[in-house]
Each structure stands twice: as structure tokens, then as C-alpha cells.
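A.B. asks: The task is simple: from the sequences and hints, build the whole structure.
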Amino acid sequence: MMLAFTLNGRPCATEAPDHWTVLDLLRDGLGLMGTKYGCGEGVCGTCTVLADGRPIRACLVLAAHVRDRVLVTVEGLERDGRLDPLQIAFAERGAAQCGYCTPGIMLAAKALLLENPAPTEHEVREALSGNLCRCTGYTKIVEAVLAVGGRR
Amino acid sequence: MRLHPFRLLEPESMKDAIDALGGLDGEARLVAGGTALVAMIRLGLVKPDRLVSLHRVPALNRIAVEAGSLVLGAMATHADIERSRVVRDGWPLLAEAAHRVATPAIRASGTIGGNLAYAEAASDPAPALLCLDAEVRVAGPGRERVVPLARFFRGFYEAALEPGEIVTAVRIPPAPAGARGGYVKYTSRSAEDKPLVGVAALVALDAVGRCSEARIAIGGAAPTPIRAAGAERALRGEALTDAAVRAAAEATAGEVDPLSDLMGSASYRREMVRVWVRRLLITLRDGTK
Numbered sequence: 000m001m002l003a004f005t006l007n008g009r010p011c012a013t014e015a016p017d018h019w020t021v022l023d024l025l026r027d028g029l030g031l032m033g034t035k036y037g038c039g040e041g042v043c044g045t046c047t048v049l050a051d052g053r054p055i056r057a058c059l060v061l062a063a064h065v066r067d068r069v070l071v072t073v074e075g076l077e078r079d080g081r082l083d084p085l086q087i088a089f090a091e092r093g094a095a096q097c098g099y100c101t102p103g104i105m106l107a108a109k110a111l112l113l114e115n116p117a118p119t120e121h122e123v124r125e126a127l128s129g130n131l132c133r134c135t136g137y138t139k140i141v142e143a144v145l146a147v148g149g150r151r
Numbered sequence: 000m001r002l003h004p005f006r007l008l009e010p011e012s013m014k015d016a017i018d019a020l021g022g023l024d025g026e027a028r029l030v031a032g033g034t035a036l037v038a039m040i041r042l043g044l045v046k047p048d049r050l051v052s053l054h055r056v057p058a059l060n061r062i063a064v065e066a067g068s069l070v071l072g073a074m075a076t077h078a079d080i081e082r083s084r085v086v087r088d089g090w091p092l093l094a095e096a097a098h099r100v101a102t103p104a105i106r107a108s109g110t111i112g113g114n115l116a117y118a119e120a121a122s123d124p125a126p127a128l129l130c131l132d133a134e135v136r137v138a139g140p141g142r143e144r145v146v147p148l149a150r151f152f153r154g155f156y157e158a159a160l161e162p163g164e165i166v167t168a169v170r171i172p173p174a175p176a177g178a179r180g181g182y183v184k185y186t187s188r189s190a191e192d193k194p195l196v197g198v199a200a201l202v203a204l205d206a207v208g209r210c211s212e213a214r215i216a217i218g219g220a221a222p223t224p225i226r227a228a229g230a231e232r233a234l235r236g237e238a239l240t241d242a243a244v245r246a247a248a249e250a251t252a253g254e255v256d257p258l259s260d261l262m263g264s265a266s267y268r269r270e271m272v273r274v275w276v277r278r279l280l281i282t283l284r285d286g287t288k
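Those protein sequence lines, which keep their order, are chains A and B.
Once you know that position 132 of the first sequence is 131 in numbering that gives the first Met the number 0, the rest is easy, because the numbers rise by one and skip nothing.
Once you know that position 225 of the second sequence is 224 in numbering that gives the first Met the number 0, the rest is easy, because the numbers rise by one and skip nothing.
Source of the hints: derived by calculation from the structure; they are not laboratory data.
Check each hint, because a few of them may be wrong.
[To be verified] If you only want the chain A side, here are some residues facing chain B, beta carbon under 8 angstroms, derived: (1) A3; (2) T13; (3) I55; (4) L59; (5) H64; (6) D67; (7) V147; (8) G148.
[As the list claims (entries may be wrong)] To spell it out: a stretch of chain B is covered by chain A in this simulated footprint if at least three of its residues, at any positions, have a beta carbon under 8 angstroms from a beta carbon of chain A; those stretches are: (9) 0 to 12; (10) 86 to 92.
Even for Gly, the Cβ is constructed at its ideal location relative to N, Cα and C.
C.D. replies: So this is what it looks like as C-alpha cells:
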């Protein structure tokens, strides 16, 4: 089937088999490897991307269902060679260890900040509740998100 | 890891969706947000030949008030419902339950129609909707019908849908005047999990503090979400004294029919029903919510 949508600020038109998910489309159709395959069942959150500003699970959403929508992946956080403030905060605070969960966590955080530019720590933790990190213990991740937009 | 291959049909009207679902060549499944179905395909629990998507059927995600009742199109997502000003103002119990569904990313895709048609015993919205006397609008080959939600859940993961039938909307009448409602979700493993037990309640008190209305619904503690009719009867006309609340919690614990699984044993679930019904009713009585 034919699909057209906006990907990281640019129009994108591509073919995809009916049974592909958004994750298949991104990684195998378009070669964007930043979005990770974790559990495949919508539980771990590492495949999180934005659709129309809201977080979605790329492993559960059918490719057909992003037709005409606006997608942002971790590759699209950077603009004109400048990192997103979230990326800078994650790097400065060492909010990643193995890094596998990081793209999904940054996009879940981005979705929160788009809707709520000054979240509380509780709101940050709630927004990230669907993104599992088995390395960090979350402290530095939460601090990084709060450093971008939060209030203490 | 790819999904088992299927053909995807994307009808642009409800009639075409019903026709597409009714074809004879192999197994067809309806897909809305995909949060349950795609995971089931991934796990190999179902292997449909065709998926019929509702995404292109117009206006199925509407949230509107019609003649005083709230009408949710079947494709309204939990994220739409929890954010809707209309829902938050007029049916806050529903907004609260929608906000407790899984995680933000699941709420952004998962739909109310899919949630109810899946007939998950531990649904978060279902107890709230049961307390609100919701009804489900269904369309199928050659007919449309309306099913009260209390009769919509037939059994474990089994909704009262005939082959080829599609949930089109949920209608929720206005809550009784002065009613206060709440939803509490108790999870035994992690905050975003399905509820071990979910409790929704709605009470209205008269001028002298007696219950003119009392509704209690439970998720996760029976093969389907249920109303605790006996506990409700016992509360109506009574003041919400500590003793009456304890009796209602006890009665509810006697009405559920829990299973044991990895989240908790049947006896633990029954005990948690007792605890959370009591706490919720006290919260509603004391207005500390």
C-alpha cells in the first residue's frame, strides 16, 4: 500500500506491506535505526515516537494508521544541526547508560513538554511511566527532563 | 520481528466496514487502535487473514453532547477522553478512569470502542461507564441496536457482539444531580499495569446526608467488569456512616468472583475489593477527593 505522511519535518511517500507496523516502516522501510525494537508488545516503550505530538508505540501501531499524520522520531529531534534541549540535557547529565531506552524516553518526554512546558517531577514520572530503563534507576533521566522545562 | 501477514482493508463507511468484516474468505478482525489486537497477533494468539480498519470511517472519534447525554464515537481514544473539556466538566468520573489506562502512549492509540469490545475484565473505563449507566451502540449486517453496558459483557474476554457487528459509539446519560464519583485502581506490580482491582463508585446524598443514589462497579475481580447490585441496594437510603461503608465493602467483596493469576490470588483480590470500596466511599463521603 502507498503511504504519505510527514516525517521529521519533511513530506514522506513510501510503499509498505499491509502488515507492517510503524516500527517496521521506520527501521526496515526507511532505514531510520534510532527507534528501537524492545518487547514488541507495547510494554517497554523503547519504540516510542510522536504522532501529531502524542507518543505512540511504533511496534503496535499499523503503518497505515500514520497516513497523513506528522511523525517525529529521535532523528528528528535535532534541527539544522542543533540538538534539542532534551538531547543536550541528557548528554550533560549522563542520563543514559546502555542507551537502548533513550530514544523512546526522549520522545515520551518531548510529548510531555509540548503539552506541558513546565511539568512537576510527578508529571514527568507519570509521562515516563511507560518507558522502562533497566540501567539508570531513572533519577538522572527525570532530572534531565526537569532541567529542560521543569519546576522543582 | 514481523507480524504474521494479513491483508488490511480500510473501508470509508460503516456499511463498507460491516461488509468487509462479513466476507467469507478466512478470518477477519476489526482493528481500531491496535493496542490489544496487534500485541495478540505478535504473540501468535490470533492469526487473522484480514484486518478491517476503522480509521477511515468518518467522525468515529467524535466526543459530543447530544440531548444532554455524552456520546463517544467508538474511535475516541483514552487520551482524547481524558483531555476533553466536555467530559471533564460533565462526566469527571470517566475522565479520571480514562487517565488511568496504561501509559500515555497506549492512551493515545487505544480507543473506547476497542476497550469495550475486547471485554477485558480489568478494563479501567468499564467500571466508570457501568456506574454512569452507559449504553453501547452497535451496527451489524442489516441492523443497529443499543445494548446497556451492564448486558454487554457476556464472559471472560467475550462481548455481546454477533458476528459482523461493530461498536459504533457509547452513550452516557447525565450523572444524577449532585452526584460525586471516583475511580481507584490498585495494581500489584507497577503503576501502569492493569488493575488487580479497579473500583468505581458514584453517590448522591440528599439534604440529610442519605444516599439518594449509590452505584459501585468493579473491574478485575470477576470474569467481566460488574456492578455490585447488592451493595448498592444496601446503601440507598442510608447515610454513609463508617458502619454502612464497611457493610457495603463487605457486600461487594461477596459479589465479586475473582480469579487467581500472576498479579494476585483470588482471596487477595477479594480482600482488595473490600479495602478499596471502603476507602473510595469514605473519600467520596468526606469530599477529600
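A.B. asks: All hints are to be evaluated individually against the structure, with a verdict given for each.
C.D. replies: Hint-by-hint comparison with the structure:
no., hint, in the structure
1, A3, "14 angstroms, violated"
2, T13, "15 angstroms, violated"
3, I55, "5 angstroms, holds"
4, L59, "5 angstroms, holds"
5, H64, "6 angstroms, holds"
6, D67, "10 angstroms, violated"
7, V147, "17 angstroms, violated"
8, G148, "16 angstroms, violated"
9, 0 to 12, "holds (count 9)"
10, 86 to 92, "violated (count 0)"
Hints 1, 2, 6, 7, 8 and 10 from the earlier list are contradicted by this structure; the remaining hints agree with it.
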